[in-house]
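Student: So the chains spell out like this:
There are 2 protein chains.
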Amino acid sequence: MYTIGLDFGTLSARAVLVDVRDGREVATATFDYPHGVMDSALPSGRALPPNWALQHPQDYLDALDHCVPTLLRESGVAPSEVIGLGVDFTASSPLPAKSDGTPLCFLPEFANEPHAYVKLWKHHASQPQADLISAVAHQRGERWIRRYGGKCSAEWFFSKLLQILQEAPAIYRAMDTFVEAADWLTWQLTGVLARNTCTAGYKMLVQDGQYPSREFFAALHPDFADVIATKVQGAFVPLGTMLGRLTAPMAERLGLLQGTPVAAAIIDAHATAAAVRATQPGVMTMIMGTSTCHIISSARLVEIEGVAGVVYSGIVDGLYGYEAGQAGVGDLFAWFVDHAVPPEYHAAAARRGLSLHSYLEEEAARQRVGEHGLLALDWWNGNRSTLMDAELSGLLIGATLATRAPDIYRALIEATAFGTRAIIEAFEAGGIAVESLVAAGGLPEKNALLRQIYADVTGRAFALGASKHDSALGSAIYAAVAAGAYPNLTAAAERMGKRKDEIVRPTPENQRVYDQLYQEYKTLYDTFGRGANAVMKRLKRLRNQARGVHSS
Amino acid sequence: MYTIGLDFGTLSARAVLVDVRDGREVATATFDYPHGVMDSALPSGRALPPNWALQHPQDYLDALDHCVPTLLRESGVAPSEVIGLGVDFTASSPLPAKSDGTPLCFLPEFANEPHAYVKLWKHHASQPQADLISAVAHQRGERWIRRYGGKCSAEWFFSKLLQILQEAPAIYRAMDTFVEAADWLTWQLTGVLARNTCTAGYKMLVQDGQYPSREFFAALHPDFADVIATKVQGAFVPLGTMLGRLTAPMAERLGLLQGTPVAAAIIDAHATAAAVRATQPGVMTMIMGTSTCHIISSARLVEIEGVAGVVYSGIVDGLYGYEAGQAGVGDLFAWFVDHAVPPEYHAAAARRGLSLHSYLEEEAARQRVGEHGLLALDWWNGNRSTLMDAELSGLLIGATLATRAPDIYRALIEATAFGTRAIIEAFEAGGIAVESLVAAGGLPEKNALLRQIYADVTGRAFALGASKHDSALGSAIYAAVAAGAYPNLTAAAERMGKRKDEIVRPTPENQRVYDQLYQEYKTLYDTFGRGANAVMKRLKRLRNQARGVHSS
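Residue numbers (the working numbering), protein chains in the order written: chain A, 730 to 1281; chain B, 730 to 1281.
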């Protein structure tokens, strides 16, 4: 018996067919989104303002059409042997749709309208709306805002929906529903529009089974008062339960049996904890890709600065699931490699048959800690935790005429590790112990220097998941629970989840120097992140004025 | 009648044969130093510690041998028509020598000894010695330190000589004299060891015709008490006077007449003011190359923060000559172009047949002010004026995933313009008006964007010298005065100096935005430059510890 896990990421989708007994990955398939991330223009060529990031929902359907048949064909597994489907997705990545599930951007009259597309998680142009939501929540003394570290993110569902209402009221009127891509996909598969409790809890402000009140939404904008009743329909479906069954047309399209159970969707990061067997308190799962998501469960409910959300049973039944994150990690390294490395390093990497990342890693690994003399704030894509401020930006200090590309590359890796340490310290200050780290994703797997730096900077043992498709494996585990193959998530994860044998431990000698550098990082973090010098925001305002776009 | 001006720069020497009547440049010659700047290793391969920068004096002799005969050959001018020679040099660039003028590094027993070579102006490893000189001067209440903005630079003569005494006492003992390369060269030409008053005033702590006292030097180090008597012999020779006459062997070697007058040498930057006819108060000469030197004359004697020196008749007879500077300008742009620009820009520049500098300038010039969202502190090579601190380092803030090479290139140009504005504001705060700017050097001539940015940032008209060899032309003007062709410098400069017709004026619209950006720059400048956050120094200390070198 098998389940299928489908993982919809930022640039591609991955699928895995998993043996329910032992987690063996029998077949995998991947699909790169033809439209990728649309951050400069629509398919029509219409330019997008700064801080926009869209996706095209057709890419998700194309991914389904490609991946599921591929899994069956390559494995030789019969459709009858597939007992369940699980889906995970980036979040919050919502889209406006008609009542039959058609995305607004599929309609010719809206194809040239930016607000008709999926607003990808890293769409940050809704910062003003997020600021308003936070301010009104505090003004009204809403208790739920404390579950989110006191701040609503530009990345979240209602920030994006309010942006549509304010900037494109016609689109707001034309949509019958606004739906997370995760829930849109299970809707497409089953015909059932429902909201998974994971995305609802972490991204849609749902706490204790409730959205914020009608009065709250009315205080944001008079036309927003009935937003839940008119635009956010659908019941909540808990994690690890069956949301619905595969429809006949979709079963035929994918080559599966009609009626195959489809699990409630889940956020991609959160699916990973099960895949790396990190469901117990004290173990932080770090999902490291373009960005990093930090996940940890605890029996305690506390308020942590900059935690992106705490949701009861948000990951594991009966525990509070905490989520924090860093907005630019792999993205930051890719930016550097693509846009700031001179030809000689490209040539040297090619001569060695290495990727430029690997070559720079090798060069950077020769250095002693502190030798490059650099320090960076890793905010090229803003700061998610602990400051929740998309208007922050990157900083590099210590450059000299002798600074070279491997120096900066190493400083950027270190900066992201310092950012993780700041998050860990916020958790521990709030009373949630973080005893060890388990990382998932290609980034930590490929980069041994990064693993050691993270262990040295955080002073914690650093383990690795063993699947190349952790999120997809996690979705397959949730699907196994939803299909009734296991009594609960922990039992399923114990059998189907995987870790590598290697555990990287901190080096005391390196820790001593990193402790000093971290203090410097923290001082800059507080100076530029907490308003003592708000130059980053003022630079963004001047940038926006120069480009003739609205200042936020 | 003609004079020859010889300009010894950081990477090459330039010579020009000038018609004394009208400043017409009849012939020019250049010579790239075979050893260039030695900042990582000696010719033997022996590695140098960080912050070292040496030169090889053989390069200067080879430059003479190449340039002077080339001028005569190419111009067809007869040796008898050459009425004088002038020399200018980077400063402070001193070397240890024997009593016959032989540099210590020419002797086999010292060839592998770093301290036996010329310490180039940008040798910064003598920062601890500079700090000591400043501290002792203040402790003893020495009045002369106030003529240098209250700080002795790591780049200056006695910082470098004290470093030799402390780190290589055998070299100190072995030298018969320590001499500026400028004065060493006129010594080679004439057989006369004398110290020109320009270098003496700006780099050797000479004020009102006196070195600091024996007691002062004794307070630095007991063995330094008699440094003037034992290591710094030679009379002072004023600018625009004849230091000596060409010796027979040197005349034969160069193809000139024995007895040809040789003028007192001068610092390269200071020679420029005459070449661009900027000898009147209110006009600041900016010599822009690898670094920028700011020169202005005034009838007033005042104390200006971070002024590298004020010397009576240091440039123009009867006026106080002020010198300030920025330690990394062209150097900084070259660093960026060489070490931080990805291949696509190299390829695009090559397709267009442009230098990478020109291509980036063209791309950057399309932007509106503030559009890149970046701000930099231009301290890749430390800060000379107004902070006089070689331990400061570069900072870039505002980077996002959308930041591209032309953005950073423009931000770096702007940062150097902000640095110039900080210097201008220090002058004006001290009561020295700066009404307009005249720039010299290839950098402002080639880069129209830079000219406009400097005008916009400083709010001042920006003119350009018209010679391609301003310093060398200036030396030829001083030589004409020394040879008696003119009664004084101003008269000679009026006839022989040159400016271009173009004057770049500030654009009010750009000024408004730059005024805001400058306030941000100044806040960062004060935060990181004046000790509120001394992270730059601490990063350098950690770097030095990691490399196992002495911390400063």
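Don't take each hint at face value.
Intra- or inter-copy, both count: the list cannot distinguish identical chains.
With a cut-off of at most 20 Å between alpha-carbon atoms, the simulated SDA-like pairs for lysine to any residue come out as follows [as the list claims (entries may be wrong)]: (1) Lys1251 / Ala1078; (2) Lys1251 / Ala954; (3) Lys827 / Met979; (4) Lys1266 / Ala1131; (5) Lys1266 / Gln1245.
What the hints contain is simulated information worked out from the structure, not anything from laboratory work.
Because the structure is a prediction, the values reported are computed rather than measured.
Student: Against this structure, judge whether each hint is valid.
Tutor: Structure-based check of all given hints:
no. : hint              : result
1   : Lys1251 / Ala1078 : neither (34 Å within a copy, 40 Å between copies)
2   : Lys1251 / Ala954  : neither (41 Å within a copy, 47 Å between copies)
3   : Lys827 / Met979   : within (19 Å within a copy, 93 Å between copies)
4   : Lys1266 / Ala1131 : between (30 Å within a copy, 16 Å between copies)
5   : Lys1266 / Gln1245 : between (28 Å within a copy, 13 Å between copies)
The structure shown violates the earlier hints numbered 1, 2.
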